[in-house]
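Q: In case you want the letters, here they are:
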Amino acid sequence: MAEAGKIHSPPAGRQKERPDQRLSVIGTRMLRKEDPRFLIGRGRFVDDISLPHMAHAAALRSPHAHARIKSIDKTAALALPGVVAVITGEDAAKETGPLPCFANPPVEQRCIALGKVRHVGEPVVLVVADTRYIAEDAIGLIKVDYEPLPVVSDMMEAINSKGDAVLHPERGPDNIAEHRNYLFGPVEQEFAQAAHVVKRHLRWARSGGQPIETCGAVASFDEGSEKFTIHVNGSMYNYIGFTVATALKVASHQVNLVPLDAGGSFGSKLFLHKVAVLAALAARAAGRPVKYIEDRIDNITACDNHGSDRTYDVELALDANHRMTALRYKVVDDYGAYFQYGLGTHGNGFSQTVGPYKIRAVGAEIYAVFTNKCQQGACRGFGSEVTNFMIERIVDAAVDELNLDPVKFRHDNFIKPEEFPYQIPTGNLYDSGNYPGALDMALQMLDYEGWREKQNAARTQGRYVGIGVASCQEKGVFSATEFWMLNRAPGFALTSSPESASIKIDATGKAIISLHAPCWGNSPETVATMVLAEQLGIDPADVSVTYSDTDHGLPGTFGIGEQAEGDSGIGSVQDIEQAGDQDTLRAGAYEFFDGKFAELIDDESGDGESNQDRTPGTCSGSGAGGHQDFALPAGMRPSCSSSLSAATQRSHSVG
Amino acid sequence: MSDLEVNVTVNGRPFRRRIEPRLLLSDFVRHEIGLTGTHVGCENGVCGACTVLLDGLAARSCCTLAVQADGRSVETVESLGRVNNLSPLQRGFWEKHGLQCGYCTPGMLMLMTELLRENPNPDRETIRTRLNDNICRCTGYEDIVSSVERAVELMRGDKAVR
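Chain order of the listed sequences is A and B.
Start counting the first sequence at 0; every next residue gets the next number (numbering that gives the first Met the number 0).
Start counting the second sequence at 0; every next residue gets the next number (numbering that gives the first Met the number 0).
These are computed hints drawn from the structure, not numbers from a lab.
Note that the coordinates shown come from a computational prediction; the quantities given were computed from them, not determined experimentally.
Glycine included, each C-beta is placed from N, C-alpha and C at the ideal position.
Be careful, since some hints might not be right.
Stated by the list, open to error - Listed below are the simulated DSSO-like cross-link pairs for lysine-lysine, each with C-alpha atoms no more than 30 Å apart in a straight line: (1) A:Lys329 / A:Lys357; (2) A:Lys93 / A:Lys226; (3) A:Lys32 / A:Lys509; (4) B:Lys95 / A:Lys32; (5) A:Lys69 / A:Lys248; (6) B:Lys95 / A:Lys509.
To be verified - Some residues of chain A that are not near chain B, with every Cβ distance over 10 Å (derived): (7) Asn402; (8) Asn455; (9) Pro539.
Start from the sequences and build out the full structure, keeping to the hints where you can.
A: What follows is the structure in structure tokens.
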């Protein structure tokens, strides 16, 4: 693995703007473009979708944590007027395959439990009816005979499970989903030479992201084209949406996923395959559109909003000068009943596994275990938060044991601003940072010294005031390459995390940006508008933003958090524009605009060639660690159409 | 269960519908009247996303039967300003980042509409106390409190204040 601090291939920056540059739109105060529609109650959330002749689905969920399904009597439910279909796991298995799983080998999970239930809340029967009220009535009429099985609720117990307590016996005789050792750098050597070794046992409990809006989908199946259209409030729809097709046993081009406004996610709507597959399965069975929206209990017991659930045994090696040299840990992670993202949260942890500190070597022994709980999903930091907790706890343990100052110790161990770009032992490249400056600013803002004085004064009065210091480094983007590292053999078809957007400018000078990732409460429309208005010198009011479905959008990973606003579709907007004076956009615009805008384009091209010879059209492309822009075939002429589109993708390489 | 006829005034307009007695007011407003601005979050009376005004008082429409609104007046987020003519409260939320995903927003706006009608000049603590009724998962509430304060300024015509 990589030697810490050594740079292998730092990517060259493509930023044209200077930090001190005065820009006319970017950096100015612009009210959010998204807000007015939300403020008047005209967002477009999943329950706002209503299709002609639409039916409604509801799920009967397991009351058992672990049980065999011996029989299901759906007679009374089917006889209820208004009931359209009653779908058991066996029925669903004829029409669908396993749900997507990133682990290799995959762990079989079904949209409706087949044979066994493995956690409370797992769907057992899906009912489709004319109204949601009737569907829920019908659920009360279904009789399920369960044979309870031993329940595993403790992660340490899970390591030693045998017999009927094993959740997935077809996968092996125990509940260990994965057991891996990762070594980055000379871990043993560093510990052998250490002047001090600090050890701690840590526990990080399960938590969950809880958006106010639950997950849902509205699906229809068109028999003529044999194609599903699924409106879903998930975010990775343009990236791994094709896996929904696999679960539905159709080809990827037979599913069009349509994005919606999402009423919060916090990670839990990252990849919504369950609601999409259930609604689509129901729509095909019912022969009419079906809406399936989780109620709050569905969401809490069976959605993908549960985060990491771990115990750590951590060791930190330090030299005689109290510099951290190596970190190693054994972690047991309670994944619940399934393993949809494999060790993904640990991969995210590896991308920042030394935090903001210079630690030369890292060793990780990971046990991922199955228990009878809802599976983990992508909650919040998706591994970042728990990694930071582990690092900061062991850093504070060292401070306590060696009687050090928590601020000075951190300062002494920080990667310094002049040391960036800095490669950490796992191979990830930290591009930039000023950790000492950030910590000092925080201490100053909080009057840290003043509070230390107050703390001392209070203690003389017998009162205890606690003051904690934490300095966390958190990644901003995601790379699918982590799944290649985490699995023994690549189990994930994707190699990069592209983002994309399209821009259309019409004959009157108005622009439409199509983002290929959804809106879930960030400000993608505002940021994309500002970037385009800045680059083209047009009024932000002349830009509108829309969201492409999978039929029309290029790959976009998800636009999460920082990725959305720093890199994703918005970055692509800028890429498209920056590609402009070399290929399409400005040249195209030149064809269609006059006056000020045309002059601007002409002034800026500066390549000695007439922009009028350029060809408007469509361009797209992608490349790992950068981007390529594909020119149109030579000889292609501008059409009479008063529109132009261009798209580009960019990829990240992290970790 | 036989259907019942209800007469409900929604945002000043009368509606007559035959409905199941068990139909929730939230579903009545959203799916019978087609006003989808009122959102359903917890379906349990906890989050307040579904808040409407029933005869002027804030009510959880997900825990209220539509038949309970018979002969009464319902106000929803759609009764406030429109995009080109936002109400001071909507304007305050826009200027002070009182929303992100927008899902809890209609309930927040209706809850605060009730507050500002009974007290057009609430202090920050009063606003905070009333906001206890509803849940927002994006903003952390501080900006919502500032948004309502901004609305109070706008209502006073004190537009110079930023």
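Q: Hint by hint, say whether it matches the structure.
A: Do the hints match the structure? See the list:
no.: 1; hint: A:Lys329 / A:Lys357; in the structure: holds, 21 Å
no.: 2; hint: A:Lys93 / A:Lys226; in the structure: holds, 18 Å
no.: 3; hint: A:Lys32 / A:Lys509; in the structure: holds, 16 Å
no.: 4; hint: B:Lys95 / A:Lys32; in the structure: holds, 14 Å
no.: 5; hint: A:Lys69 / A:Lys248; in the structure: holds, 27 Å
no.: 6; hint: B:Lys95 / A:Lys509; in the structure: holds, 28 Å
no.: 7; hint: Asn402; in the structure: holds, 37 Å
no.: 8; hint: Asn455; in the structure: holds, 31 Å
no.: 9; hint: Pro539; in the structure: holds, 15 Å
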